[in-house]
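A.B. asks: Next come the chains, spelled out residue by residue.
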Amino acid sequence: MTDVAYIDHALRSARPQAVGALLRYFRDLDRAEEAFQEASLRALKNWPVNGPPRDPVAWLVLVGRNVGLDAVRRGKRSEPPPAEDAISNFDDAEADMAERLDNSHYRDDVLRLLFICCHPDLPAVQQIVLALRVVSGLTVKEIARAFLVSESAMEQRITRAKSRVAQAEVPFETPGAAERAERLGAVAAMVYLIFNEGYSASGGQAHMRVSLCEEAIRLSRLLLTLFPSEPEIMGLMALVLLQHARTPARLDADSAIILLDDQDRSLWNRDMIAEGLALIEKALRHREPGSYQIQAAIAGVHAQAARPEDTDWSEIDQLYGALERLQPSPVVTLNRAVAVSKARGPEAALAMIEPLAAPLGAYFHFFGVKGGLLMQLGRAEEARVAFDHAIALARTPAEAAHIRLHLDRLMKEGQTPEKKVGQDVGIPRPRSSSV
Amino acid sequence: MLYAFLCCHDEAIVNSWTKEEDDAVLAKRHKVTEKLAARGKLGPAVRLMPTTATTTVRMGREPVVLDGPFTETKEALLGFYLIDCDSLEEAIETAKQIGQDENVTFEIRPVRLFLPQGKAS
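Protein sequence lines, in the order shown, are assigned to chains A and B.
Its first residue numbered 34, the first sequence is counted upward by one per residue in the numbering used here.
Its first residue numbered 7, the second sequence is counted upward by one per residue in the numbering used here.
None of these hints come from the bench; they were simulated from the model.
Mixed in with the good hints there might be a few duds.
[Claimed, not checked] Just a sample of chain B residues kept apart from chain A, beta carbon distances all over 12 Å, derived:
1) I19
2) K41
3) K47
4) M55
5) D92
6) E95
7) E99
8) Q103
9) Q123
[As the list claims (entries may be wrong)] Pairs of lysine to aspartate or glutamate residues, derived as DMTMM-like cross-links and limited to a Cα-Cα distance of at most 25 Å, are as follows:
10) B:K37 <-> A:E175
11) A:K78 <-> B:E27
12) B:K25 <-> A:E175
13) A:K195 <-> A:E247
[As the list claims (entries may be wrong)] Covered stretches of chain A (in silico footprint by chain B; criterion: 3 or more residues with CB under 8 Å from a CB of chain B, positions within the stretch not fixed):
14) 43–57
15) 253–266
16) 303–314
Since the model is a prediction, treat every value here as computed from it, not as a measurement.
Every residue gets a Cβ at the ideal spot worked out from N, C-alpha and C, and that includes glycine.
Start from the sequences and build out the full structure, keeping to the hints where you can.
C.D. replies: Structure representation (structure tokens):
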């Protein structure tokens with residue numbers, strides 16, 4: 034690995050901690066980002082000459098803080114002086130720097146930085162975009178490409194989101210235990226949204242945007258490093274690893290969806306599966322079940338089946354049952370119905386999803402599953418109607434193409450019962466608002 | 007003398023490698039280790055899962071089970087090699103070869119007891 038590549042990785046992985054710490058000093062997101070940017074430029078000049086520092090984060094925070102303070106001092110001559118409290122903050126910062134910057138310090142800094150992006154006024158997609166820009170440091174161009182909008186449109190969106198966040202009162206004191214737990218929950222949900230955005234795109238041509246998934250994995254890992262004994266964060270990490278492990282097998286060469294049953298399981302990433310299973314095991318020891326842990330356990334059951342017919346569907350049925358109790362939702366019930374159809378047959382599953390018609394009347398997967406179950410029962414005409422609904426609700430060409438495949442089968446096979454359920458069994462996807 | 011080469015690295019950086027970059031590092035190392043293997047000098051090599059998968063058991067009057075690695079250092083133990091070297095000099099030289107062009111740290115520790123089958127001798 035060349036020096037430049039090394040520095041690049043070091044800057045990228047130091048970013049959340051460093052920007053988070055700089056935000057604590059400056060209490061201004063733009064200033065913190067600019068200071069980090071300037072510190073990064075100096076690192077690119079300095080590190081190849083003097084060698085990389087032992088602690089890149091501390092180096093970047095120190096340099097960024099000095100650069101930022103210089104900018105503030107220069108600005109003083111032409112601009113009105115900063116507010117009283119801002120000045121005293123800088124004095125605090127001096128004292129802070131004397132302390133050793135340790136992980137527990139970064140923990141609250143990184144959490145605060147992520148938490149700012151989860152501002153409740155921001156629609157889900159804005160939260161994701163802001164986190165990718167501010168925390169992960171993706172360029173506007175990269176984010177625009179992932180969301181299939183122009184660079185200038187994305188720039189505007191980020192600017193708007195930032196000004197919204199700037200008006201919010203974010204407390205800078207070290208949070209108490211309850212507040213920390215609350216922030217962590219909100220942040221975990223946002224990381225999961227990022228993963229879902231990559232796992233199953235809410236629009237556009239690219240069905241999966243792998244880089245978003247990888248970013249979510251990186252953020253989960255960061256959270257778990259900072260909160261090593263939180264079982265739900267272990268669950269989140271396990272969940273994203275186990276889902277992402279299937280990525281190489283999820284689409285064929287023409288970007289068509291391959292159902293779980295039809296996937297080439299030798300393509301699944303064994304390292305990710307092993308790590309995910311290890312984390313589930315660790316999390317279970319805490320005996321504090323949570324939705325990420327259960328969802329990870331479900332993904333884990335799939336991952337452990339060498340062939341589709343080896344899947345322990347009654348275990349999955351039970352896990353979805355536990356998830357329903359913990360977090361009642363029609364989407365969870367729908368997913369459970371898929372497990373029920375495998376464990377107890379399509380009739381039982383169909384009865385289970387009948388009451389979901391109202392809450393899920395605009396949900397692609399509802400009609401996909403319903404059509405699949407009807408097809409299995411040989412009720413071709415009703416299946417066709419359900420599939421037509423699904424196509425109308427499809428958000429990506431791959432989803433629509435997948436349902437058309439079922440319709441074609443129906444046409445060809447006439448009344449012959451089908452054995453497959455038309456659903457890529459996956460996570461109950463929280464519905465994100467459109468961009 | 008048998009030496010353990012403990013590979014210590016900034017985990018955040020290793021985790022940010024792409025699969026291609028990771029593969030490139032392994033391929034580069036393999037060129038060195040296959041020569042050692044051909045000479046019968048290479049013992050087992052281990053790559054550990056990230057420290058986030060670690061559980062620590064601290065024995066005392068009551069054993070304490072903790073999540074995470076024992077120490078919270080920047081550079082974590084990510085794996086190790088066991089290599090038969092004639093001298094510390096040779097071990098240091100070998101470490102330099104395996105880690106060439108990387109920012110890895112090797113902690114070289116002479117092995118006191120080696121039980122490949124885990125049997126008590």
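A.B. asks: Now look at each hint and say whether the structure bears it out.
C.D. replies: Hint check:
no.	hint	in the structure
1	I19	violated (5 Å)
2	K41	holds (21 Å)
3	K47	holds (25 Å)
4	M55	violated (5 Å)
5	D92	holds (30 Å)
6	E95	holds (24 Å)
7	E99	holds (21 Å)
8	Q103	holds (16 Å)
9	Q123	holds (23 Å)
10	B:K37 <-> A:E175	violated (36 Å)
11	A:K78 <-> B:E27	holds (23 Å)
12	B:K25 <-> A:E175	holds (19 Å)
13	A:K195 <-> A:E247	holds (24 Å)
14	43–57	holds (count 4)
15	253–266	holds (count 6)
16	303–314	holds (count 4)
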